[in-house]
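2 protein chains.
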Amino acid sequence: MELINECLQRIKPVDEKLVEKAQERLDQLTKPMGSLGRLELIARKMGALQHTITPQINKKAVVLMAGDHGVTNEGVSAYPSDVTYQMVLNFARGGAAINVLSRHVGADVYLVDMGVKGQFKDVPGLIDCKVAEGTASFAIGPAMTREQAVQSINHGINIARKCKEDGCSIIGLGEMGIGNTTPSSAITSIITNKPILDVTGKGTGITEESRRRKVEVISRSIDMNKPDRKDAVDILAKVGGFEIGGLAGVVIGAVAEGLPVVVDGFITTAAALLAVKMNSTIRDYLFCAHMSVEPGHQYALNYLGENPLLDMNMRLGEGTGAALAISLIEASCKIISEMATFGEANVSESF
Amino acid sequence: MELINECLQRIKPVDEKLVEKAQERLDQLTKPMGSLGRLELIARKMGALQHTITPQINKKAVVLMAGDHGVTNEGVSAYPSDVTYQMVLNFARGGAAINVLSRHVGADVYLVDMGVKGQFKDVPGLIDCKVAEGTASFAIGPAMTREQAVQSINHGINIARKCKEDGCSIIGLGEMGIGNTTPSSAITSIITNKPILDVTGKGTGITEESRRRKVEVISRSIDMNKPDRKDAVDILAKVGGFEIGGLAGVVIGAVAEGLPVVVDGFITTAAALLAVKMNSTIRDYLFCAHMSVEPGHQYALNYLGENPLLDMNMRLGEGTGAALAISLIEASCKIISEMATFGEANVSESF
Numbered sequence: 002m003e004l005i006n007e008c009l010q011r012i013k014p015v016d017e018k019l020v021e022k023a024q025e026r027l028d029q030l031t032k033p034m035g036s037l038g039r040l041e042l043i044a045r046k047m048g049a050l051q052h053t054i055t056p057q058i059n060k061k062a063v064v065l066m067a068g069d070h071g072v073t074n075e076g077v078s079a080y081p082s083d084v085t086y087q088m089v090l091n092f093a094r095g096g097a098a099i100n101v102l103s104r105h106v107g108a109d110v111y112l113v114d115m116g117v118k119g120q121f122k123d124v125p126g127l128i129d130c131k132v133a134e135g136t137a138s139f140a141i142g143p144a145m146t147r148e149q150a151v152q153s154i155n156h157g158i159n160i161a162r163k164c165k166e167d168g169c170s171i172i173g174l175g176e177m178g179i180g181n182t183t184p185s186s187a188i189t190s191i192i193t194n195k196p197i198l199d200v201t202g203k204g205t206g207i208t209e210e211s212r213r214r215k216v217e218v219i220s221r222s223i224d225m226n227k228p229d230r231k232d233a234v235d236i237l238a239k240v241g242g243f244e245i246g247g248l249a250g251v252v253i254g255a256v257a258e259g260l261p262v263v264v265d266g267f268i269t270t271a272a273a274l275l276a277v278k279m280n281s282t283i284r285d286y287l288f289c290a291h292m293s294v295e296p297g298h299q300y301a302l303n304y305l306g307e308n309p310l311l312d313m314n315m316r317l318g319e320g321t322g323a324a325l326a327i328s329l330i331e332a333s334c335k336i337i338s339e340m341a342t343f344g345e346a347n348v349s350e351s352f
Numbered sequence: 002m003e004l005i006n007e008c009l010q011r012i013k014p015v016d017e018k019l020v021e022k023a024q025e026r027l028d029q030l031t032k033p034m035g036s037l038g039r040l041e042l043i044a045r046k047m048g049a050l051q052h053t054i055t056p057q058i059n060k061k062a063v064v065l066m067a068g069d070h071g072v073t074n075e076g077v078s079a080y081p082s083d084v085t086y087q088m089v090l091n092f093a094r095g096g097a098a099i100n101v102l103s104r105h106v107g108a109d110v111y112l113v114d115m116g117v118k119g120q121f122k123d124v125p126g127l128i129d130c131k132v133a134e135g136t137a138s139f140a141i142g143p144a145m146t147r148e149q150a151v152q153s154i155n156h157g158i159n160i161a162r163k164c165k166e167d168g169c170s171i172i173g174l175g176e177m178g179i180g181n182t183t184p185s186s187a188i189t190s191i192i193t194n195k196p197i198l199d200v201t202g203k204g205t206g207i208t209e210e211s212r213r214r215k216v217e218v219i220s221r222s223i224d225m226n227k228p229d230r231k232d233a234v235d236i237l238a239k240v241g242g243f244e245i246g247g248l249a250g251v252v253i254g255a256v257a258e259g260l261p262v263v264v265d266g267f268i269t270t271a272a273a274l275l276a277v278k279m280n281s282t283i284r285d286y287l288f289c290a291h292m293s294v295e296p297g298h299q300y301a302l303n304y305l306g307e308n309p310l311l312d313m314n315m316r317l318g319e320g321t322g323a324a325l326a327i328s329l330i331e332a333s334c335k336i337i338s339e340m341a342t343f344g345e346a347n348v349s350e351s352f
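Note that the protein sequences, when read in sequence, are chains A and D.
Following my numbering, the numbering of the first sequence begins with 2 at its first residue and continues without gaps.
Following my numbering, the numbering of the second sequence begins with 2 at its first residue and continues without gaps.
Looking at chain A on its own, in the form it has when it is part of the complex:
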């Protein structure tokens, strides 16, 4: 827990004074006051984060973490576990949706094996942080040991540091792991204190019957494993996943470095819930990319107090929503930094 605690202690509140100063600048730009709506709110938030009224985005990262889940044995997913491994190869070759969208917005993909079943041989660009070949089924016992939970978070922290060293000024979160809406529903239910039934959806497309089985599996697992609601690491160990722990680590590591994090859909939001549980200041560094169709996502967003930037009816994951949202955040930074003021442009202000 040493690295984790060190990061948690280094997290600083954002500079609220910069919110006001950024708004002052926004009000001097050649447009009616407030007329750029949410772009202005984003620009202010980025100003407060970066301690400047002219926030900039240089390099952009999407950290895409993959892991497998023992709980898929319980028939909670529409796809076989093998797909995680196959999709990692697809990511490495650049053929998946997140590759296309990251190229579109100019973000670099950091592809991380957090715990995929099977061994990869010389896959270019794949970062090896494998904790184990998939979690244990939490329908039978804990998903992982406490040591593994800590290890997965540590890996995420180190990836965030690498992004910072590489010159990234914003990190989007992405994930791939067949079955990972199941741990995400479990985590969301525990942290937001909402009924499992309300936070459990159809994932990549299971039937209503399978969804009921999924609810029952989660319910049983929580009763049996008894995660400590106050201890995020215990929740992760009992009902989490390696990629979820890794992403929680990315959030902690990024925020400790002062970087904003763009949460994608339901699974990455569950990871963010774990991080916020450890230090609530983290909330102020998060942007929520889009509204997932998973029913638990709304509860998780309410807990974070964030409105998603996009609502495109997407439910793919991989960081696809985060990539699109990064472009909107970059646009907002350019607005506040590049637009002319009324004075500079000789434009009359309102009556």
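Source of the hints: derived by calculation from the structure; they are not laboratory data.
All figures in this text were calculated on a predicted structure; none of them were measured in a lab.
Every residue gets a Cβ at the ideal spot worked out from N, C-alpha and C, and that includes glycine.
Any given hint could be a false lead.
To be verified - Incomplete in silico selection of chain A near chain D, CB under 8 angstroms: (1) Tyr80; (2) Gln87; (3) Thr205; (4) Thr208; (5) Glu209; (6) Glu210; (7) Ser328; (8) Ala332.
Take the given structure of chain A and dock chain D to it, following the hints.
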């Protein structure tokens, strides 16, 4: 009316078969079926428009048209008319929000003087299509003659043709004209058959008292000028504006060339209503960029049968929403054209 009629007759229905074929391709891509939500719908629509399952966006245009409005004499705007002229200079120098956002998404701005008060001298990049130095106040008589209305539409058609010649594959609409929510509310009320009170908002930020005056001015103007509800050119002449006519022409000209058009906020949607009134097939070529905070916008969108892509609480105009939406449409084209299929990537399909 010769040029207009020629264009209206050349407009072809989109290829509905391509919608199916595009969906077939989308379902073979390495993602759960339908999981990219609205990006998939956009990709299908672009496929049908471009008659291909791999639609492409090459050059992107934002056509930004400016004009002044005699009705500002009635105190319907928070800004003086001079601001239109001043903002055109700001656009030409690249300091406005639309310049920043167009650069961000890689679109070229076509800046057009449709009828700004005052004369411009050697403004680089400004396209001169000035019909007159502002419309007449439609609180007193028609905003313009029928000849001027036709002339403004013709100018728009020619700009769309220029965009096509320049290699543009999509056109976003933008506008600048102090007072132009007033004619837009009038047009929207007439075409959608909704009460003036319901479609009239606070524009760039007037008081509730001024809003009531605005409603009263529009009501009086329609009673006096008696626009023929069935004749879009007559509506434009009686209660429209030069930039609104120009933008209606851009829509007609673009669609005649088979190009999709991205409508921005309330004013450009009013222009699109005029175009659709002349040929309802045009609907299938439109994308609606964002939900404006102007109350009339929802009614106009309902009439077009379109859901906006973004909801960022924006009310600036200039094409700012259209620029952001163009990037989402381009992303959708890249998804269907660049992603790997299950077969290509050796990924298992769902159970």
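Against the structure, the hints:
no., hint, in the structure
1, Tyr80, "holds, 5 angstroms"
2, Gln87, "holds, 4 angstroms"
3, Thr205, "holds, 4 angstroms"
4, Thr208, "violated, 10 angstroms"
5, Glu209, "violated, 15 angstroms"
6, Glu210, "violated, 13 angstroms"
7, Ser328, "holds, 6 angstroms"
8, Ala332, "holds, 5 angstroms"
Going down the numbered hints, you'll see the structure goes against 4, 5 and 6, while the others check out.
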